[in-house]
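For reference, the chains in residue letters:
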Amino acid sequence: MIDDCLKVTSYFGERLRLGRRFYSDVLLDTFEEHDVSTSILLRATGGFGLRHRLRTDQTLTMSEDPSVMAIAVDTPARMNLVLPRLAELQPRGMVTVERARVIRDDVTASPAAYEHHVETQLTIYVGRGERTSRVPIHLALCDRLQQAGVSGASVLVGVDGTDHGERQRARFWDRNLDVPSMVLAVGPSDRMAGVLPELGSMLRRPMVTVERVRVCKRDGDLLAIPDRLPDVDDEGLGLWQKLMIYTSESHLHDGEPVHRALARRLRETSAAGVTALRGVWGFHGDHPAHGDRLTQVGRRVPVVTIVVDSPSRIAASFEVIDELTSEHGLVTSEMVPAMQYFQAGETSRGGFRLAHHRF
Amino acid sequence: MVSSAFLWVALALGAGCGSVMRFLLDGAVSRALPSALPVGTMAVNLTGCLALGIIDGAAVPRDVAFVFGTGVIGAYTTFSTWMFETQRLAEERQVARASQNVLLSILLGVAVGAAGLWIGGRL
Numbered sequence: 001m002i003d004d005c006l007k008v009t010s011y012f013g014e015r016l017r018l019g020r021r022f023y024s025d026v027l028l029d030t031f032e033e034h035d036v037s038t039s040i041l042l043r044a045t046g047g048f049g050l051r052h053r054l055r056t057d058q059t060l061t062m063s064e065d066p067s068v069m070a071i072a073v074d075t076p077a078r079m080n081l082v083l084p085r086l087a088e089l090q091p092r093g094m095v096t097v098e099r100a101r102v103i104r105d106d107v108t109a110s111p112a113a114y115e116h117h118v119e120t121q122l123t124i125y126v127g128r129g130e131r132t133s134r135v136p137i138h139l140a141l142c143d144r145l146q147q148a149g150v151s152g153a154s155v156l157v158g159v160d161g162t163d164h165g166e167r168q169r170a171r172f173w174d175r176n177l178d179v180p181s182m183v184l185a186v187g188p189s190d191r192m193a194g195v196l197p198e199l200g201s202m203l204r205r206p207m208v209t210v211e212r213v214r215v216c217k218r219d220g221d222l223l224a225i226p227d228r229l230p231d232v233d234d235e236g237l238g239l240w241q242k243l244m245i246y247t248s249e250s251h252l253h254d255g256e257p258v259h260r261a262l263a264r265r266l267r268e269t270s271a272a273g274v275t276a277l278r279g280v281w282g283f284h285g286d287h288p289a290h291g292d293r294l295t296q297v298g299r300r301v302p303v304v305t306i307v308v309d310s311p312s313r314i315a316a317s318f319e320v321i322d323e324l325t326s327e328h329g330l331v332t333s334e335m336v337p338a339m340q341y342f343q344a345g346e347t348s349r350g351g352f353r354l355a356h357h358r359f
Numbered sequence: 360m361v362s363s364a365f366l367w368v369a370l371a372l373g374a375g376c377g378s379v380m381r382f383l384l385d386g387a388v389s390r391a392l393p394s395a396l397p398v399g400t401m402a403v404n405l406t407g408c409l410a411l412g413i414i415d416g417a418a419v420p421r422d423v424a425f426v427f428g429t430g431v432i433g434a435y436t437t438f439s440t441w442m443f444e445t446q447r448l449a450e451e452r453q454v455a456r457a458s459q460n461v462l463l464s465i466l467l468g469v470a471v472g473a474a475g476l477w478i479g480g481r482l
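For the record, the sequence lines run as chains A and B.
To convert, note that position 91 of the first sequence is 91 in my numbering; the numbers rise steadily by one, no gaps.
Add 359 to the 1-based position in the second sequence for my numbering, that's all there is to it.
By construction, these hints were calculated from the structure, which means they are not laboratory data.
Any given hint might turn out to be false.
As the list claims (entries may be wrong) - Quick partial rundown of chain A residues pointing at chain B, CB under 10 Å, derived from the structure: (1) Thr56; (2) Asp57; (3) Glu64; (4) Ala261; (5) Arg267; (6) Glu268; (7) Val297; (8) Gly298.
Only a predicted model underlies this, so the values are computations on that prediction, with no experimental measurement involved.
Idealized CB from N, CA, C, for every residue including glycine.
Assemble the whole structure, with the sequences as input and the hints as a guide.
What follows is the structure in structure tokens.
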């Protein structure tokens with residue numbers, strides 16, 4: 001079953017409170033109350049927002065208040081009920097709304113989801129403990145995706161969320177097998193379409209979103225620059241752009257992990273915000289899939305760095321990204337048709353009406 | 360002679376203040392000087408060394424040294440964070456910076472401690 005859907009992503013600091021509760025709890029409760037089919041809360045390893053306040057797990061004190069990111073996916077009808085609620089609640093941070101196609105339950109009818117797309121980002125939502133033929137699902141999915149020749153995939157583990165409308169929250173004394181995690185894969189649309197039915201057969205209850213992306217860089221090669229978009233569409237609604245940089249903890253630039261260098265360098269510019277998420281397993285290109293092992297010092301897990309900004313500023317950010325990914329990493333660009341900033345005591349900027357732009 | 364119950368309470372309060380001061384200074388320094396080295400923790404440990412040197416050098420009454428040296432500075436400075444952040448640099452393959460973090464902290468720490476003793480002796 002293929003449907004249009006909206007993907008809403010909220011970025012904020014973990015210690016952000018609403019009244020006496022953490023905002024992340026309030027937000028996920030809201031998703032649960034509205035029966036949002038799929039949602040996931042991810043804790044970031046580093047980043048900064050509009051105020052350029054650095055959040056990083058490099059030092060103990062700075063890791064007290066990491067960036068978090070909550071993603072919710074459902075039909076436009078349902079998300080249009082959630083969004084006004086979110087606009088009332090969110091005290092600080094940023095919310096983006098993106099169009100996507102969702103493939104649920106039956107994945108055999110997938111190819112129509114790829115019309116006109118040259119490259120595709122697939123997001124496969126699975127339970128942390130899900131297995132297929134006794135193999136952890138994320139390992140099996142990455143294996144199959146790599147065999148199919150897609151550009152890369154990273155596995156991110158959530159701490160809270162909803163799965164087919166049911167709340168799944170990680171707890172300390174629990175195996176947390178049903179807590180959501182996600183596999184983010186990028187590659188040529190035809191290959192994605194080819195491999196998707198098989199991926200679907202491995203999943204307990206398939207839930208996959210398909211989005212259009214452009215691969216800008218791979219292993220240091222510049223393949224395309226991010227599409228030059230106007231700052232507003234024909235109706236005057238704001239357009240935004242998102243860059244995602246897939247690297248590994250072992251990718252260094254000038255002796256520093258690329259994702260750390262990205263956050264530090266972009267914070268020196270006027271970039272609106274950066275969020276870096278550490279995954280648990282992944283691959284890109286022909287390089288063998290990698291993750292952490294028990295006996296090691298240097299980490300090998302993938303890291304996904306997300307930059308969202310106005311089209312006029314994204315070009316400057318891309319110059320920095322281009323320089324820091326001169327040897328490693330996969331960089332993608334996509335359009336974000338709506339975004340809103342929330343700042344305490346100030347009127348929020350942007351809005352949730354979706355802009356239209358063909359390119 | 361100050362009663363020992365009072366001293367224990369003073370020690371606990373001093374340690375509480377020390378840890379809050381560490382949290383605030385570490386955060387302020389780390390945000391002001393974003394560096395690949397954990398400069399916040401280093402700033403905390405070095406200022407702690409200096410303060411402990413001064414307290415020791417000034418030969419203050421034993422109870423005062425107990426509350427300010429053991430309590431405040433003991434909670435203010437942090438060995439565990441220093442080691443934790445060194446390990447984090449190592450797992451990010453920043454071996455040169457991990458070594459710098461250890462060596463610089465030791466060398467500067469001893470120097471600053473000695474300076475504190477010297478200053479304290481002249482108070």
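| field | Hints violated by the structure (listed by number, smallest first) | value | none
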